[in-house]
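Asks: Required output: the full structure, derived from the provided sequences and hints.
4 protein chains.
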Amino acid sequence: MKQARPLPHYLVQRYQGWRATSFNENRAWYRRLADEGQRPRAMVIACCDSRVHVTSIFGADSGEFFIHRNIANLVPPYQPDGQQHGTSAAVEYAVNALKVTHLVIVGHTHCGGVAGCHAMCSGHAPELEEKTSFVGRWMDILRPGYERVLELPEGEQVRELERQAVLVSLENLMTFPFVRERVESGDLSLHGVLHDIGDGTILQYDPTADRFVPVSG
Amino acid sequence: MKQARPLPHYLVQRYQGWRATSFNENRAWYRRLADEGQRPRAMVIACCDSRVHVTSIFGADSGEFFIHRNIANLVPPYQPDGQQHGTSAAVEYAVNALKVTHLVIVGHTHCGGVAGCHAMCSGHAPELEEKTSFVGRWMDILRPGYERVLELPEGEQVRELERQAVLVSLENLMTFPFVRERVESGDLSLHGVLHDIGDGTILQYDPTADRFVPVSG
Amino acid sequence: MKQARPLPHYLVQRYQGWRATSFNENRAWYRRLADEGQRPRAMVIACCDSRVHVTSIFGADSGEFFIHRNIANLVPPYQPDGQQHGTSAAVEYAVNALKVTHLVIVGHTHCGGVAGCHAMCSGHAPELEEKTSFVGRWMDILRPGYERVLELPEGEQVRELERQAVLVSLENLMTFPFVRERVESGDLSLHGVLHDIGDGTILQYDPTADRFVPVSG
Amino acid sequence: MKQARPLPHYLVQRYQGWRATSFNENRAWYRRLADEGQRPRAMVIACCDSRVHVTSIFGADSGEFFIHRNIANLVPPYQPDGQQHGTSAAVEYAVNALKVTHLVIVGHTHCGGVAGCHAMCSGHAPELEEKTSFVGRWMDILRPGYERVLELPEGEQVRELERQAVLVSLENLMTFPFVRERVESGDLSLHGVLHDIGDGTILQYDPTADRFVPVSG
Numbered sequence: 000m001k002q003a004r005p006l007p008h009y010l011v012q013r014y015q016g017w018r019a020t021s022f023n024e025n026r027a028w029y030r031r032l033a034d035e036g037q038r039p040r041a042m043v044i045a046c047c048d049s050r051v052h053v054t055s056i057f058g059a060d061s062g063e064f065f066i067h068r069n070i071a072n073l074v075p076p077y078q079p080d081g082q083q084h085g086t087s088a089a090v091e092y093a094v095n096a097l098k099v100t101h102l103v104i105v106g107h108t109h110c111g112g113v114a115g116c117h118a119m120c121s122g123h124a125p126e127l128e129e130k131t132s133f134v135g136r137w138m139d140i141l142r143p144g145y146e147r148v149l150e151l152p153e154g155e156q157v158r159e160l161e162r163q164a165v166l167v168s169l170e171n172l173m174t175f176p177f178v179r180e181r182v183e184s185g186d187l188s189l190h191g192v193l194h195d196i197g198d199g200t201i202l203q204y205d206p207t208a209d210r211f212v213p214v215s216g
Numbered sequence: 000m001k002q003a004r005p006l007p008h009y010l011v012q013r014y015q016g017w018r019a020t021s022f023n024e025n026r027a028w029y030r031r032l033a034d035e036g037q038r039p040r041a042m043v044i045a046c047c048d049s050r051v052h053v054t055s056i057f058g059a060d061s062g063e064f065f066i067h068r069n070i071a072n073l074v075p076p077y078q079p080d081g082q083q084h085g086t087s088a089a090v091e092y093a094v095n096a097l098k099v100t101h102l103v104i105v106g107h108t109h110c111g112g113v114a115g116c117h118a119m120c121s122g123h124a125p126e127l128e129e130k131t132s133f134v135g136r137w138m139d140i141l142r143p144g145y146e147r148v149l150e151l152p153e154g155e156q157v158r159e160l161e162r163q164a165v166l167v168s169l170e171n172l173m174t175f176p177f178v179r180e181r182v183e184s185g186d187l188s189l190h191g192v193l194h195d196i197g198d199g200t201i202l203q204y205d206p207t208a209d210r211f212v213p214v215s216g
Numbered sequence: 000m001k002q003a004r005p006l007p008h009y010l011v012q013r014y015q016g017w018r019a020t021s022f023n024e025n026r027a028w029y030r031r032l033a034d035e036g037q038r039p040r041a042m043v044i045a046c047c048d049s050r051v052h053v054t055s056i057f058g059a060d061s062g063e064f065f066i067h068r069n070i071a072n073l074v075p076p077y078q079p080d081g082q083q084h085g086t087s088a089a090v091e092y093a094v095n096a097l098k099v100t101h102l103v104i105v106g107h108t109h110c111g112g113v114a115g116c117h118a119m120c121s122g123h124a125p126e127l128e129e130k131t132s133f134v135g136r137w138m139d140i141l142r143p144g145y146e147r148v149l150e151l152p153e154g155e156q157v158r159e160l161e162r163q164a165v166l167v168s169l170e171n172l173m174t175f176p177f178v179r180e181r182v183e184s185g186d187l188s189l190h191g192v193l194h195d196i197g198d199g200t201i202l203q204y205d206p207t208a209d210r211f212v213p214v215s216g
Numbered sequence: 000m001k002q003a004r005p006l007p008h009y010l011v012q013r014y015q016g017w018r019a020t021s022f023n024e025n026r027a028w029y030r031r032l033a034d035e036g037q038r039p040r041a042m043v044i045a046c047c048d049s050r051v052h053v054t055s056i057f058g059a060d061s062g063e064f065f066i067h068r069n070i071a072n073l074v075p076p077y078q079p080d081g082q083q084h085g086t087s088a089a090v091e092y093a094v095n096a097l098k099v100t101h102l103v104i105v106g107h108t109h110c111g112g113v114a115g116c117h118a119m120c121s122g123h124a125p126e127l128e129e130k131t132s133f134v135g136r137w138m139d140i141l142r143p144g145y146e147r148v149l150e151l152p153e154g155e156q157v158r159e160l161e162r163q164a165v166l167v168s169l170e171n172l173m174t175f176p177f178v179r180e181r182v183e184s185g186d187l188s189l190h191g192v193l194h195d196i197g198d199g200t201i202l203q204y205d206p207t208a209d210r211f212v213p214v215s216g
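Residue numbers (numbering that gives the first Met the number 0), protein chains in the order written: chain A, 0 to 216; chain B, 0 to 216; chain C, 0 to 216; chain D, 0 to 216.
Take the hints with a grain of salt, since some may be wrong.
Copies of the same chain are indistinguishable here, so a pair counts whether it falls within one copy or spans any two.
In the DSS-like style, the derived pairs of lysine-lysine whose C-alpha atoms are separated by at most 27 Å in a straight line are [what the hints assert, rightly or not]:
(1) Lys130 x Lys98
(2) Lys98 x Lys1
(3) Lys130 x Lys1
Hints in this document: simulated from the structure, not taken from any laboratory. Quantities reported herein were computed from a predicted structural model and do not represent experimental measurements.
Replies: Pasting the structure below:
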């Protein structure tokens with residue numbers, strides 16, 4: 000792999016700072032986590048977006064969350080066809096091997112993936128419809144959500160589609176037999192959250208009201 | 000989505016604490032990031048493992064890294080077949096849309112996915128060979144790495160396979176035409192890192208020595 | 000004390016979040032509690048176990064409960080021998096200085112201390128019988144309880160010994176003259192509770208039925 | 000145990016509220032904690048005082064902290080004399096059985112136990128010097144701290160003695176061979192904290208400066 004390059008110096012410096020401080024102060028805990036294995040309480044599925052800092056928002060330290068991040072925090076439907084499904088693999092590992100007890104989908108505002116999906120579905124992004132567009136094919140997962148926002152005024156559709164990215168993923172999660180089984184037995188709770196990256200708030204989906212509502216302490 | 004449940008109270012409390020402190024102190028920056036969009040310098044591909052805290056290790060703040068996390072930090076080969084490839088979509092978005100200038104694969108020790116792959120390839124985990132095993136099919140990506148560790152004593156194979164998970168991913172990245180093009184034009188640097196979660200060190204791949212070496216400041 | 004180390008960063012962050020929210024919203028109350036002193040209604044004696052959250056279960060706010068926590072929520076018999084008795088000191092302070100009107104012993108299931116006591120008393124943990132074993136000597140307090148569970152089938156003994164840890168402590172409390180006096184004058188009520196940490200229920204000791212019964216609202 | 004009484008109604012109501020909400024939302028996690036055992040990262044030793052809410056301040060949820068609470072957050076010196084030492088038993092269990100990696104002494108301002116110790120040592124509380132005073136004998140542990148504050152103006156002595164309650168305990172912890180060994184091997188970190196219950200701040204002991212300093216994020 001001859002193209003690999005040394006890390007930028009600023010990252011090396013930060014790593015060395017981290018190791019001399021945070022790591023050093025928690026050395027024994029990291030050693031235990033390595034020796035005894037992880038036992039995370041929750042799996043979090045969030046977007047790759049650089050503005051979504053789940054561990055900061057939820058004050059999570061090493062060992063707490065098993066985190067999968069992909070574009071637009073999407074979960075595809077259950078499809079055991081022998082192909083590679085990275086998200087489904089992560090869900091399977093978290094639920095069946097690690098036995099997490101919470102699975103949280105964290106959506107967010109200003110999501111480039113969701114905006115692209117809306118542009119594609121409304122005919123404004125033909126390049127995303129190409130077979131060779133990985134982003135386009137990935138965002139196909141959200142097409143059922145697009146159908147549901149069509150009745151809204153155009154100016155509100157993208158905003159609602161961000162919520163649908165959470166809801167469609169939760170619905171798809173329930174198509175996985177091992178997820179459904181553990182949800183129904185009470186061994187796993189699903190949660191849907193929307194993070195507004197501009198004003199810092201989070202909303203959570205309330206199935207009784209069938210909408211996202213502010214969290215209250 | 001009637002199965003969604005309220006967030007655990009402790010997460011709500013932590014979120015409220017974050018919003019009243021970190022968020023509040025950086026309110027203007029978050030507002031700008033939302034209004035003007037993200038402009039991350041690097042994409043990081045890391046494992047979902049709860050013990051791998053890339054943002055801590057590299058002291059990354061909101062807006063710095065576009066982060067994809069999947070099991071065993073793997074990148075599949077370029078395969079534009081119209082199917083859903085979440086990792087390839089994330090790479091495509093980071094390189095083509097966000098134009099990141101660094102792409103870092105962060106592997107780690109004690110990786111459950113890698114250990115599972117070794118067990119599967121060596122015939123000790125028939126359940127992972129089932130067509131319906133998402134984890135097994137996902138770990139197929141690392142099979143070429145398994146071939147290369149076979150010559151080692153069995154006790155060293157898993158440890159070396161963790162390194163191969165970084166190298167195979169870097170090699171697969173180079174099969175993406177848009178990655179290769181930008182690497183060759185000097186617009187994108189690839190980096191391979193291995194994080195020892197027990198002793199807190201990181202090593203980086205050095206193509207001259209063809210092995211992982213300590214980083215130096 | 001040159002070995003002291005800085006607090007882990009995640010605890011500092013959580014503290015800062017707490018101060019900016021819960022503390023800040025109740026600033027005046029905390030100020031009054033500091034200026035005027037505490038006036039707790041109840042003393043609670045519970046186990047150190049990390050899974051026993053008395054303040055959560057009983058929704059207690061700052062200033063409500065004077066809480067002593069030790070291994071297996073034990074109270075030794077009255078023994079004014081001039082030695083150090085931390086539990087007796089806590090009881091004395093709560094009853095004589097603070098004049099609490101309730102004293103609640105909260106036992107719990109899956110108690111490592113109780114299991115160790117059973118192992119020791121039944122001859123399976125010789126290391127706990129050593130003079131130098133602090134845990135063993137502490138659990139000696141529960142030996143009278145072990146005698147009472149011997150008649151049960153072995154498989155039920157530990158479960159019953161968890162109840163005895165509550166009852167023996169209540170009995171020992173009555174050997175303290177200042178406790179007995181206030182109980183008999185009606186100024187202090189004793190309560191015995193068993194918390195099942197797995198299913199979240201609590202039972203309370205009913206002296207009429209001479210057993211633990213569900214609480215009813 | 001015929002004196003036991005039913006729980007006050009308000010506690011029953013709060014318990015029922017907790018079970019229907021917090022417990023219910025985290026049912027699977029509590030079940031796992033019960034089935035698999037606790038694995039707390041830290042032991043905390045704090046005062047029984049009703050105004051000291053360690054779990055709130057540090058945002059700790061069920062399973063995180065092994066908590067011992069006694070009067071004035073004191074640890075006696077190592078004394079394996081076959082007598083009952085509840086605090087030493089708790090430390091032994093946390094360090095040897097649970098293998099916690101942090102041990103935090105949390106002192107606090109306005110501590111009644113510390114004030115009593117000062118009154119006793121300065122000759123103003125003869126009742127605490129009685130052999131039968133459990134509080135007096137318990138506070139004997141802090142006498143070495145009193146010696147060190149004598150040089151200060153009388154008005155500052157109690158305030159400094161609260162800090163000594165943390166430092167003497169840390170020093171005494173180091174007299175336990177199993178604590179010293181793990182501290183020296185890097186498997187356990189000791190921390191000393193002082194919580195001002197009136198203004199909500201916490202300070203931590205800095206051995207370089209030899210004083211308590213504000214924590215910084």
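Asks: Run through the hints listed earlier and report the numbers of any the structure violates, in increasing order.
Replies: 3
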